[in-house]
Each structure stands twice: as structure tokens, then as C-alpha cells.
Amino acid sequence: MPSTLEELAKLSGTKLVGKSDCKINAVNTLKSANEGEISFLSNRHYTSFLKNTRASAVILTENDLANCPTNALITDNPYLAYAKIAIHLYPDNNRKSLRQDNIVTGENCKIDSSVSISANVTIGNNVTVGSNTYIGPGCVIEDNVTVGNNCLLIANITLCHDIKLGDEIILHPGVVIGSDGFGLAQENKQWLKIPQIGSVIVSDKVEIGANSTIDRGAIEDTIIETGVKIDNQVQIGHNVIVGEHTAIAGCTGIAGSTIVGKRCMIGGAVGISGHIEIVDDVVITAMSGVSNSIKSPGVYSAGIPVTENKIWRRNIVRFRQLDELIKKIMNKLDND
Amino acid sequence: MPSTLEELAKLSGTKLVGKSDCKINAVNTLKSANEGEISFLSNRHYTSFLKNTRASAVILTENDLANCPTNALITDNPYLAYAKIAIHLYPDNNRKSLRQDNIVTGENCKIDSSVSISANVTIGNNVTVGSNTYIGPGCVIEDNVTVGNNCLLIANITLCHDIKLGDEIILHPGVVIGSDGFGLAQENKQWLKIPQIGSVIVSDKVEIGANSTIDRGAIEDTIIETGVKIDNQVQIGHNVIVGEHTAIAGCTGIAGSTIVGKRCMIGGAVGISGHIEIVDDVVITAMSGVSNSIKSPGVYSAGIPVTENKIWRRNIVRFRQLDELIKKIMNKLDND
Amino acid sequence: MPSTLEELAKLSGTKLVGKSDCKINAVNTLKSANEGEISFLSNRHYTSFLKNTRASAVILTENDLANCPTNALITDNPYLAYAKIAIHLYPDNNRKSLRQDNIVTGENCKIDSSVSISANVTIGNNVTVGSNTYIGPGCVIEDNVTVGNNCLLIANITLCHDIKLGDEIILHPGVVIGSDGFGLAQENKQWLKIPQIGSVIVSDKVEIGANSTIDRGAIEDTIIETGVKIDNQVQIGHNVIVGEHTAIAGCTGIAGSTIVGKRCMIGGAVGISGHIEIVDDVVITAMSGVSNSIKSPGVYSAGIPVTENKIWRRNIVRFRQLDELIKKIMNKLDND
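First to last, the sequence lines map onto chains E, U and S. Position 245 of the first sequence, counted from 1, bears residue number 240 in the working numbering, the numbering being contiguous throughout. Position 263 of the second sequence, counted from 1, bears residue number 258 in the working numbering, the numbering being contiguous throughout. Position 6 of the third sequence, counted from 1, bears residue number 1 in the working numbering, the numbering being contiguous throughout.
No wet-lab data here; the hints were simulated from the structure. Treat the hints with care, since some could be wrong.
Identical chains share a label here; the pair holds if one copy fits it or two copies do between them.
List of simulated lysine-lysine pairs, DSBU-like, C-alpha gap at most 30 angstroms [what the hints assert, rightly or not]:
{"hint": "1", "residue 1": "Lys322", "residue 2": "Lys305"}
{"hint": "2", "residue 1": "Lys14", "residue 2": "Lys184"}
{"hint": "3", "residue 1": "Lys305", "residue 2": "Lys257"}
{"hint": "4", "residue 1": "Lys159", "residue 2": "Lys188"}
{"hint": "5", "residue 1": "Lys188", "residue 2": "Lys10"}
{"hint": "6", "residue 1": "Lys323", "residue 2": "Lys305"}
{"hint": "7", "residue 1": "Lys257", "residue 2": "Lys159"}
Assemble the whole structure, with the sequences as input and the hints as a guide.
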């Protein structure tokens, strides 16, 4: 749906500098954009591409306006304005067309007539699916599951029995929700599996990335609150609670019974121990290990970024002697 | 199956203090339990909930008895007793009901008549499946695979050709067993794929979590011994051997040809290099990297837990100069 | 296909020492090989098995010849010669036999008549599949996807709409290509999903391991160049470019818009930040975190390998005080 720049300025809440009737039909990068396309500048890495862009318009901050060779939409947050314009230009409509065949549905299901179910889907008994939800090929929905309205289950997803999903949820391929948690008791050095009788509650507007897994609760429920965004290959243990509007980047793992606050930003490949609590508004940078509760908002980090292998090897040797070395130095200093 | 407290005391090997005819029909947490429910106290995080619990009984140690407001089952290991009671109260019976349809089975298969196969399952040629095994929707079993008795293959699992599973194995959704290992030889800076001709042998009572992957052997077999428990999103490389009753937490990766001993406990997001050996009874804490063999039992750790970003940044700078700094300090001390 | 040692020497470019008419019909390890089998020695871990091997021939370097009790094939690169011989002895032919049934195909598809499609596959509209490609059970191919010639899609793979795969590509079970990237803009502390309108281009001879995920581009495309080899459970973010003949080991994650050069070797469980650039011919060892661009070829490392927990605890305490401690020491030294 092509639009004029004036329309895009209005819907994105930006200030237009240039031709208000300029027609825009696509977004593109500063480097690759052509006539009829709009671009944006929000990351310093790409500033050098602004000067020579062939885009018909660029979303940017007041500061960058001087270097803009074309029409501009000015805002303090170009990325947000870009998001709104992209949502307008690309209404999501490409997953309604797969043929419906080979579908197996159990008994006592309440599936709204507006639901689109694709081929090779398996649905158990007593399943409820709300209006306009899309269930893609290869999905498995076990008994007693509830899925809300306007959800997208892209493909090859497994929803285990007795879990409950809200509205406007997007699940990417390979997602598993409601698998058994890692609940084991030890007896004579062997493991006894503990029945996992809790559920998973996923609230509205949650998005979960490809091949991510969320375990069902051991006794009470695992809970993913409203607006939480989870990237690919994230693992959420049993009885975890993730507070609303928290975002979790790829490859992160959260162990059982941990509570993550609201509006947190968890970087990629972070590991969070079990039975701890992270308050609201915490940022944890990529690859950090968190083994104790975090009690104040703020930015937290860990890990040692790469150096040349030769230097790293030497530093590692020192790290392994660190306590010993520092004691020795302190002693020597005190004795002098 | 509701039981009296006396029956539960007996099957869990605990000492009953209170009414032996008290009826118990469910487990619950100290905080949420109501009449007719039993709870337990095994983690210090939850001690404060004991005093006001509404549970009809609590499993706990002698030490906590004084603060217990209700009937008690006393034991040195409340978590184990809880496990036994939960197993009794919740016999696993919820995965026999999915309609059987759209099933494709190859030639020369020996599938016991007691096997329950769900919809949209694909089974190749020469496949053997033992009695009372459940094969959930979307599972793929390639040629020449053997699956034992009383296994649960929940959903969307892939068993590649020529692998062998024992009895009482539980595989959660998205598990892949027998994929090719990462076997590559370099020629003129390009990669040549090496045929992966080994198999995977999974012994009895193994449980493997959602979306975990186990590669087939390059030449000999990858082996997962009896009673091993593997959490979600774990990656096991080709020719790895995992010794019996070892437990591996989520997001851990073990590179090719490594041998992990018996009764080890590997934490979450641990990385273990290839071609090394870890002896029996080793504990490795979460997020540790293991690049050399571990030759004695014990607890091993690595990694730097999070600190505030501001402090971390300064320490990182120092770490990168560590060898240099310490040399400088030592020199100065020696010269004084 | 059994061969004489002479034939194997010729095809592997090695020098034969021993009986040229010795018949070889299998490969095996030094430890397990029997008559009629060939083995190899390329890793020092296994040198001790050479002396007593029962193999009919061993591939090794000139240096190890003196300890070889049987026929030998001599080369500077035994692993490469082994690869060539294994490829010859085990031509890949075991995935053509699954019954073709329950297949659902959309409209306007161009699927070559030589393509083998297995049971429970779902194919959308406008899909093109080249000659001799194998599509295993449970695979989902959404609309407008192109798959080239001689590809192997083993099982339960999801190819999202509008992506493009070249020739001779191998995808292992559970692979997801073209899922939405983690593109979010923040407004009033909530997340707005940004349409992901780019594609994924996977070039010829790429292999991708079980349960790995590759996101589609946000605007432009995610690109995996010729000959790239990706292990299991790897996550590649939107707009990443991976240069030709680069190998990426298991559990590694690469965040969005990062460019990885040609012929790089990325170890297991490495984390690479977004929007950075790694030049050609870089080696990154396992479990390293890379948060800045790498501008020169070479070997890079990070992380702290495991030590005994008791020692680690002490060193961690020191690390957390590192900057402070070193300042204190420096001060004291300067004041003396």
C-alpha cells in the first residue's frame, strides 16, 4: 500500500522536510534504496551512507538533516518511526494460503470457523482456538490446550497438553511450549523423574523465536507475561516467570523457578541460574552469567571479550593464580 | 489416585507425625497448597512459607518440624520423598489419546500391537518398536531404527537411520538423534564432508529434553548410557560417550569424541571441548568452559559472574593487561 | 564398494607402503579395526593405538611409519586422505526409500520429476525444486521458495516463504531458515515488531546442522555463501553475511547485521555481537565472546577455562576487585 510522505509523517509522528506528495512504496537501507523507497538512519555504523543515498526520503534526527540529500522525516527516534512506517507499508498477510489437508482433529474441540489450519497439523481433544488464528503446517497441539485470537503458529510447533496461550501471539517454527522441566531427585546416585504437573501461561502479544523451548511448571505454572519478546533458541526452565515487556535475545537460558522482572533486556547467550530474582528494568549484556539475584535496576555485564590468542593464554595463566599472586604482592608490600 | 498420609509415608520411607488417615489428593507449593494437598520444604529459599502454609501435610527434615503448622512427613531428603509421592499421585497417563491417522509406515517393520502411533507420523523400512511405546504426532523414524519398550516419543522428533534406543526412554518434542556429526577435512581452504557411518546407542531410562540433538558417530558409535538425563537444547557431538546416571542441564554442548564419566552433573550452558575425558563423579557448574581432561572427581567452575557494567568495564581492561601488569609489579617489587 | 589399497592410494594421493592388492571394504578406528578395514592416525590422542591395530592398512604421516604394524598410506594430511577414502567407500545412498504419501503441494509449483518427496511434507504455492533433491518427512516449504539441485532436506525442516537455496545443500533435521529476525522498536517501554521483509540466500554446498536457525533479513537479505559449514544449534541473526568456506561449530550465535569473512573457523558456543565485521581467515576458539570488529586474520580467544571450584571462587573475588586492587598496588609502589 503505497503512501505519500505526508501520510507517513502523520502516522509516524515525524516532521516532514521536503515534498509532501512524494510517493513511497517500500523501505530499504540507505545504501540500497532507490526512487520510491524510504530509508532511516539510527545507527552510527551507517552514517557514511547518508550522503549518497538514492532513497526518496530518509527518517533521521535533526542533527543529521544537514547531510541528507533528499526529503526527510525528522524525529528523536528514527528507528521507532521506521517501525511504524514499515508496519504500514507491509501489512502481514502472507500466511493464509497453504492448502488445508491431512488435518487430524480430536474430540470436543472448539475451533473458531475463522481459524486457518494448514496441512499435516495434529490437534488433540478438548482444544480451543480463537478467531483468526493461523496454525501452520506440521504443528502439533496436544489435549486441553487453549490458543487465543489472532495468533500465528508458523510451522512445526509443539504445544504440549493443558497449556494456555493468549491473543496476538507469534510462535516461530520449531517452538516447543510445555515440555517437561528438568525435575529430578537423586536416590542411590540414580535419577528419579518428578512428574511435571504445572502448566505454561503465555499472555497476549508475546513473540517466541525459532526453536525456543519453554518448560511447563513442576507444580505451579511457568508464566510469560504480556508483550514479552523472545528470540531464537532461548530456553526457559520450569516455573520461570518473565515480566511484561521484557525482551530476551537468542541462545539465552533461564533455569528453573527464576523470576525476571518487567521491561528487562536480556542480551544473547546469557545464562541465568535457578531460584533467583531479577528486578524490573535490568539490562544484562550478552554472554553474561547471572548466579545471584539482581536487586537494583541498571546495566550488568560479565565475561571477557576476545583478545589475540597469544595474549589471552598468558592472561589466563595469571587469572588462575590471581588470588595467590595478589596475596603474595600484598604480603611483600606490607613487609617492605 | 488419592491416598492417606499413612500410605504416602510408607511408600516414601518417611516418618509420619500427625493424622495417619488424612486424605491427600494432590501436591502443591507451601505457598499455594490447600486442604487435601501435600507440600515439601527442601530449598532454603522457601522456608518463610512454612509457617503459614495451608497444606494438609508437609514433607520436611526433623529440623524444620518445630515450625510446621500441620501434619508432617519427616526425612533427611524431602525432595526425594516428594518425588516418590508425586510419582504415586500422578501416574503418567495423558498421552494415549491422540487420533491415529495419516500414518505412513515402510516395509518389513516389526511394530508391537501395543504401540500407540499418532497422526502424521512417518516410519521408514525395517523399523522395530517394542511394546507399549508411544510415538507422538509428527515424529519421523528413518530406516533400520530400533526403539525399545515403554518409550515416550512426545512429538516432532526425528530418529535418523540405523540408530538404536533401549527401554523406558523419554524424548521431548524436537529432539533429533542420529544427525550427521560435524566431520570435515580441509583441502585447498575448502571443506570436504566426511561420511558419518557410526550410529547412536541410547540405553534404558534415558530422558532427552526438547530440541536437544545427538549426532551419530563418525566411525564408531555415539553412546548415551543407562539413566542419563539430558535437559533442553543440549548438543552432543559425534562419538561422545556419556556415562550412566550423568545429568546434563540445558544449553550445554559437548564436542566430538569426548568421554564423560558416570554420575557426573554438568550445569547449564557448559561447553566441553572434543577429544577429552572427564572422570566419574565430576560436577561442573553452569557456564563453565572445559578444554582439558578432568582427572579427579570434584567440583569445577569457570566464568565471571555479572557485576555492574561500570565496574566490569574497568576490570576487563585490567584483565586484558593482566600478565603485563603482574610482570611490572613483580619487577618493581624485586628491584626495591 | 570394496577397493584395493592401490586404488585407494591413487584416489587419495597417498604413497603406498605394503601390499597393493590388499582388499579394503570399510574404515574403522585404530582400536576397533579388523581385517579388510583401513584406519588413520591424525590426532596425537590416539598414537598409542597404532602399535597394536589389527587394521589391514593405516593412513599416516612419514613420521609414524616406523610404528605401523601393517600396510600404510603415507601423506602429510592423513585426515584429508581418510576423508577421500571414506567418501569413496560410503557413497551416500540411504535416503531415497521412504514411502511417498500424504504429500500436500500448492499451486504453480515447479518440482522436477527426479525430486523425491517423503510422507507428511507440506509445500506451498510457487515453489521450485531442482533435480535429484530429496525432501524428507515432515518438511514444510512455504510459498515462493526455491531449492536447487541435489539438495538433501533430511526431515522436519522449515523453509519460510520467499527464500532461495542453491545446489548440493544439506539441511539436517529441525533446521529453520527464514524465520523472522528479532527486530523490535521500543515505544513507551513496550515493543513494536518490525516487519522482516528481507530474505535468506543460501549458496551452493552449504551444510547446516540439526536445529540450527537462520533468520530472514530485516530489509536486505541474510546471506550464507558457498561452501559454508554450520554445525548443530547455531543461531544466525537477520542480515548476517557468512563468507564462503567458513565453518561454524555447534551452539554458536551470531547477532544481526554482522559480517563474517571467508575461510573463518568459529569454535563452539561462540557469541558474536551485532553490527560488527570479522575479516577473512580469522579463527575464534570455543566459548569466546566477540563484541568488537576483528580487523586482522589470526587466532582469537576469550573465556576462563575451568579450575577447581575452591580456587575459582577465590580468583573470582579478586577479579571483581581487580581494577581497585591494581590501583591500590600501583599507588603503594609509587609511594614507596
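Hints, verified against the model:
no., hint, verdict
1, Lys322 - Lys305, "both (26 angstroms within a copy, 16 angstroms between copies)"
2, Lys14 - Lys184, "neither (75 angstroms within a copy, 33 angstroms between copies)"
3, Lys305 - Lys257, "between (42 angstroms within a copy, 22 angstroms between copies)"
4, Lys159 - Lys188, "both (24 angstroms within a copy, 22 angstroms between copies)"
5, Lys188 - Lys10, "between (61 angstroms within a copy, 23 angstroms between copies)"
6, Lys323 - Lys305, "both (25 angstroms within a copy, 18 angstroms between copies)"
7, Lys257 - Lys159, "within (21 angstroms within a copy, 39 angstroms between copies)"
The earlier numbered hint that this structure contradicts is number 2, and it is the only one.
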